[in-house]
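Just so you know, the sequences run in chain order P and L.
The first sequence begins at 1 in the numbering used here and counts up one residue at a time.
The second sequence begins at 1 in the numbering used here and counts up one residue at a time.
Since the hints were derived computationally from the structure, they do not count as laboratory data.
Each residue gets a CB set at the ideal place from its N, CA and C atoms; glycine is no exception.
Treat the hints loosely; a few may be bogus.
Just the calculated beta-carbon pair ranges, DEER-fashion [unchecked claim]: (1) P:Ala101 - L:Gly45: 21 to 29 Å; (2) L:Leu124 - P:Tyr185: 57 to 65 Å; (3) P:Val104 - L:Leu44: 26 to 34 Å.
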Amino acid sequence: MVPWFAWSAVILFVAGLYISFFVAPTDIQQSEAYRIMFIHVPASILSMFIYLVMAGYAALGLIFNTRLSSMMASALAPTGALLAFLSLWTGALWGKPMWGAWWVWDARLTSELILLFLYLGFIALHASIDDPRRADRASALLAIIGSVNVPIIYFSVQWWNTLHQGASVKFTGTSMHVAMQQGMYTMMLAVWLYAIAVSLLRVRCIILERECKAQWVSELVEVRQ
Amino acid sequence: MNKLSLIGLLSLVIRRDLVLAMRRRADVLTTLIFFVIVVSLFPLGVGPEMDMLRKMAPGVVWVAALLASMLSLGRMFSADYLDGTLEQMMLVPQSLSILVLAKILAHWMVSGLPLVIMAPVLGLQFDMSAQALWVLIAALLLGTPILSMIGAVGAALTLGLRGGGALVSLLVLPLCIPVLVFGAGAVEAVVSGTSVSSHLSLLGALLVIALVFTPWVTALALRISME
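Start from the sequences and build out the full structure, keeping to the hints where you can.
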């Protein structure tokens with residue numbers, strides 16, 4: 001499954017970047033700088049969504065004591081942290097020409113920063129417990145507590161109405177040009193597939209690492225060689 | 001053996017923890033002195049202009065209180081964990097959540113309440129008005145128990161780990177941000193003349209939510225850590 005997701009992610013990345021740089025028209029208010037949106041928005045959305053998926057897997061692992069879901073949760077965390085960081089970074093690059101500042105203490109920026117901290121806390125807690133079962137369960141509890149933050153980020157723009165602009169894409173129609181939309185959706189799909197590919201690859205490594213004493217691992221072709 | 005009621009258990013554990021804390025007064029004082037020193041460092045760092053200090057005061061006091069409460073979190077369960085008392089506590093027939101709640105309350109009385117009492121004196125250093133001082137006390141009274149409760153979850157999760165102290169701060173500080181925002185916001189509101197009650201109500205709401213959920217989550221975390 002990994003190569004499928006990885007290759008389609010690469011293709012979509014190329015297509016999405018082409019659309020966003022050459023096809024999509026220049027924005028009236030923001031001129032060329034708005035193009036950073038094509039990476040900023042997918043990264044932000046995915047960073048929130050991955051957290052929910054991670055907390056969901058962690059809850060499954062905690063409640064039903066399934067090993068694979070805990071492994072999935074710990075495989076998703078680094079990707080989520082990367083995307084949260086990317087979203088903050090591209091946001092800073094976008095904020096400098098638009099708002100005149102790299103960083104403002106806006107509700108959405110702050111809560112996204114907290115999300116990054118939550119990811120880092122999850123990874124740090126998991127890494128500092130030696131027993132993998134205990135690590136899974138302890139960090140699962142942390143992930144579930146932290147998921148309170150995700151709706152706060154998502155609705156922060158509506159609740160506090162600060163500098164960060166509201167959503168342009170809504171289920172009921174949008175205020176964007178068609179080519180911009182296409183670029184955005186392509187990039188969104190690309191980031192989505194990238195996240196799936198990387199997480200699957202990582203969970204494969206985790207499974208092999210944890211089950212290295214199991215019989216089926218020693219019978220694998222790659223291991224016997 | 002007669003079975004203890006919930007209230008009996010609650011007061012028994014609180015009394016035990018308070019006695020233990022009184023036997024080691026140095027620990028309690030360290031937290032308090034840390035709080036005083038951190039707050040006093042700010043005027044030295046940013047300069048003694050009273051206008052700026054008055055503006056900064058609520059934030060400074062709150063951040064210092066947050067850091068001071070982090071300092072004492074490690075002690076909440078670790079002594080009982082090391083001498084095996086915690087294991088015995090998990091075996092009692094009563095609910096572990098109540099036990100945990102008692103330990104949290106005792107922790108707050110030892111490390112949160114002194115901060116609340118000390119805060120007005122520090123506020124005077126920053127030239128805060130009497131009204132602002134009262135709001136500061138009210139906000140701290142509502143807020144510091146929440147810090148103890150959220151901290152208890154972190155302390156339980158990191159029980160017996162290497163590098164637990166730094167890790168606890170990494171886990172707990174992001175979760176404490178709402179308390180900080182509303183707590184400092186209440187004092188700033190009174191300074192700027194807007195309504196205080198909204199901030200205090202939100203803090204109260206947070207306190208009630210934390211009171212319901214954190215003892216239970218902490219008990220879960222303790223069971224995970226003790227396996």
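Next on the checklist: Against the range 21 to 29 Å, how does the distance between the Cβ atoms of P:Ala101 and L:Gly45 compare: consistent or not?
Outcome noted: holds, 24 Å
Checklist entry - Honestly, do L:Leu124 and P:Tyr185 meet the 57 to 65 Å range at C-beta? => result Because 59 Å falls inside the window, the suggested range holds.
Item to check | Cβ separation of P:Val104 and L:Leu44, checked against the hinted range 26 to 34 Å | outcome: holds, 29 Å
The structure shown violates none of the earlier numbered hints.
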